[in-house]
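Q: The chain contents come next:
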Amino acid sequence: MFDLKVATDKLFRGNRDLASNVVKILEVLWGKVRKKIDKVKIMNFCGTHEWTTTHHGLRSLLPEGLELVAGPGCPVCITPSYYVEVAIKLALENVKVYTYGDAYKLPAVKKVDGAKSLAEAKSLGGNVSVVYSLLDAVKDARESKRESAFFAIGFETTYPIYASTILKNLPENFTFIICGRLTPPAAEYVVKNVGGIDGVIAPGHVSTIIGGKSWKFLAENYNIPTVVSGFEPMDVLISVVEILRQISESRAEVVIEYTRAVSWEGNVLAKKMILDVFDVCDATWRGIGLIPSSGYRLKEKYMNLDAFNVYGFKEPNSKEWSSDLLPGCRCGEVILGKIKPIDCPLFLKKCTPSAPYGPCMVSLEGTCSIWARFGRR
Amino acid sequence: MCWGVYGKVLEVHGERAYVDFGGVVEEVVSVVDELVPGDYVVVHAGMIISKLSEEEFLGSFKYIYEMAKKLVENGELSKRELEKMDEVVKRWTTKDRW
Ligand code: SF4
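Chain order of the listed sequences is E and R. Residues in the first sequence are numbered consecutively from 1, following our numbering. Residues in the second sequence are numbered consecutively from 378, following our numbering.
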């Protein structure tokens, strides 16, 4: 019987013959590219692509001079410390704070009443609950009737569920710590301010929502070949092939490799839901700073669901914002593809997956955490 | 957080659906149109974000196969590579062998 899951595993993950074919093709194209330029740097924007690349050792298959670097596509890594501090404060004031497991150990830059993370807040008696999905949190809050705040981190992939739940009826005791971020403005920030990027592997699951067309600006305004890629090793290799092909032909366009899940328009229903509930605003990214039009904010009519509004916190404005990394942590450079985790002196010394010092060591999608778990492959 | 898991839809109840993840069944929210039991979907943080398209499944594979053919025609890739890929094509385009 046809089974898409099994088929994906067999064709895109476990097929050695096919992988070696693709690598041969890649080498031929690399030969053509090398006649024009010596080095090519491709940024895989998304943390899950970095996971695929490192876990499956794809870098070891690439010719010298062809570099794959990670980008800022890990929502846990880029959530500013300030939001973590607010979440800790609420938890210690006995507001029940729900969080995805990913953000549970995310360290803030300063201690709030003795706790530097939600995990530490919990061990100090704070009210923290780790959930798999928003639905579990809503259900629990409805039953417990306690004041609750959901630590709503995430990109465009995660925001439709917040929007759709807000559009339904929520229990009155439920609020959100909104710190959602939009990915195209961050990609634009990187190519504009860091430079040196010859191709972009655009995030596949974000693009199921926002559509392939959201990446057009990279090709049209910055002349950067861009491929919306799936997450199996074969997907990533094919995406690299397409980028090399475009470079060898001196062209730049957006191509969707992940056609089995992503369309040009994206998920129209989900996009509409998001816009019904949220406005887009300027927002800070941890380790980077302010990026224009890169955040979500609840619309005025939903302010009763905004934990900042309900509990009287103010977001720091761009003047008040100062880099929120701990001394020595080089996450800001890691997520911009400027350095590799191994270039940070704290990597696997003071900073490890079991005791993360910086934000990129926390989530399974954080670049430092991935390199620490799977080595440099 | 960008992690997506593939699953198969078992039941649809309005905006809720039950999805089978290889034996584990979970209730999830759906934000996709025209969802029916039997659909394969991508689930992210408790929500169906996209349906997987059966027609498009071989899309990128076909792309790389066509490219291999062109490179062989131009003499840039050995015929042997294409023969190996022909095998894969034969195996993978016959649905009942999946
Ligand atoms: S190894 Fe740790 S301290 Fe260094 S950049 Fe990565 S997360 Fe920051």
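One or more of the hints may lead you astray.
Said to hold, decoys possible - In silico lysine-lysine, DSSO-like type, Cα no more than 30 Å apart, as pairs: (1) LYS24/E / LYS447/R; (2) LYS439/R / LYS10/E; (3) LYS461/R / LYS5/E; (4) LYS439/R / LYS213/E; (5) LYS467/R / LYS139/E; (6) LYS385/R / LYS32/E; (7) LYS439/R / LYS35/E; (8) LYS456/R / LYS272/E; (9) LYS35/E / LYS447/R; (10) LYS39/E / LYS439/R; (11) LYS32/E / LYS446/R; (12) LYS340/E / LYS216/E; (13) LYS213/E / LYS447/R; (14) LYS439/R / LYS5/E; (15) LYS340/E / LYS110/E; (16) LYS24/E / LYS461/R; (17) LYS299/E / LYS168/E; (18) LYS111/E / LYS122/E; (19) LYS5/E / LYS467/R; (20) LYS35/E / LYS24/E; (21) LYS39/E / LYS272/E; (22) LYS110/E / LYS272/E; (23) LYS446/R / LYS24/E; (24) LYS385/R / LYS5/E; (25) LYS110/E / LYS89/E; (26) LYS39/E / LYS456/R; (27) LYS446/R / LYS5/E; (28) LYS271/E / LYS216/E; (29) LYS439/R / LYS272/E; (30) LYS36/E / LYS385/R; (31) LYS35/E / LYS461/R; (32) LYS446/R / LYS35/E; (33) LYS32/E / LYS338/E; (34) LYS271/E / LYS299/E; (35) LYS89/E / LYS216/E.
As the list claims (entries may be wrong) - Example chain R residues on the side facing chain E (calculated, C-beta under 8 Å, incomplete): (36) GLY436; (37) ASP463; (38) VAL465.
Simulated from the structure, these hints should not be mistaken for laboratory data. None of the values given here were measured: they were computed from a predicted structure. Backbone N, C-alpha and C fix where the C-beta goes; we use that ideal spot for every residue, glycine too.
Q: Checking each numbered hint in turn, tell me which of them this model violates, lowest number first.
A: The structure breaks hints 5, 6, 8, 21, 22, 29, 30, 35 and 37; every other hint is satisfied.
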